[in-house]
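A.B. asks: Sequence:
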Amino acid sequence: MTPEKQMTQRSRMMTINKVTDLVASVETKATEIHAVINN
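Letter by letter, the sequence shown follows residues 1 to 39 of my numbering.
Simulated from the structure, these hints should not be mistaken for laboratory data. Ideal Cβ positions, reconstructed from N, Cα and C, are used throughout, including at glycine. Any given hint could be a false lead.
[To be verified] Straight-line Cα separation of at most 25 Å, SDA-like style, residue types lysine to any residue; simulated pairs:
(1) Lys29 x Met14
(2) Lys18 x Lys29
(3) Lys18 x Glu32
(4) Lys5 x Lys18
(5) Lys29 x Asn17
(6) Lys29 x Ile16
(7) Lys18 x Thr31
(8) Lys18 x Glu4
(9) Lys18 x Ile33
(10) Lys5 x Val19
(11) Lys5 x Lys29
(12) Lys18 x Ala30
(13) Lys18 x Pro3
[Stated by the list, open to error] Derived Cβ-Cβ restraints for the label pairs, each shown as a range:
(14) Gln9 x Asn39: 40 to 48 Å
(15) Ala24 x Thr2: 51 to 59 Å
(16) His34 x Ser11: 33 to 41 Å
(17) Pro3 x Thr31: 39 to 47 Å
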């Protein structure tokens, strides 16, 4: 595997991780908001 390929894969993994974190934090926020509204 070429170094370029490895870099591309690594940056893709980083992007996927960032998106996953973002989605998780949005879901957490939504859950908190629902809890506030329901109380």
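A.B. asks: Against this structure, judge whether each hint is valid.
C.D. replies: Against the structure, the hints come out as follows:
no.	hint	verdict
1	Lys29 x Met14	22 Å, holds
2	Lys18 x Lys29	16 Å, holds
3	Lys18 x Glu32	21 Å, holds
4	Lys5 x Lys18	20 Å, holds
5	Lys29 x Asn17	18 Å, holds
6	Lys29 x Ile16	20 Å, holds
7	Lys18 x Thr31	20 Å, holds
8	Lys18 x Glu4	21 Å, holds
9	Lys18 x Ile33	22 Å, holds
10	Lys5 x Val19	21 Å, holds
11	Lys5 x Lys29	36 Å, violated
12	Lys18 x Ala30	18 Å, holds
13	Lys18 x Pro3	22 Å, holds
14	Gln9 x Asn39: 40 to 48 Å	45 Å, holds
15	Ala24 x Thr2: 51 to 59 Å	33 Å, violated
16	His34 x Ser11: 33 to 41 Å	35 Å, holds
17	Pro3 x Thr31: 39 to 47 Å	42 Å, holds
The structure is inconsistent with the numbered hints 11 and 15, although it conforms to all the rest.
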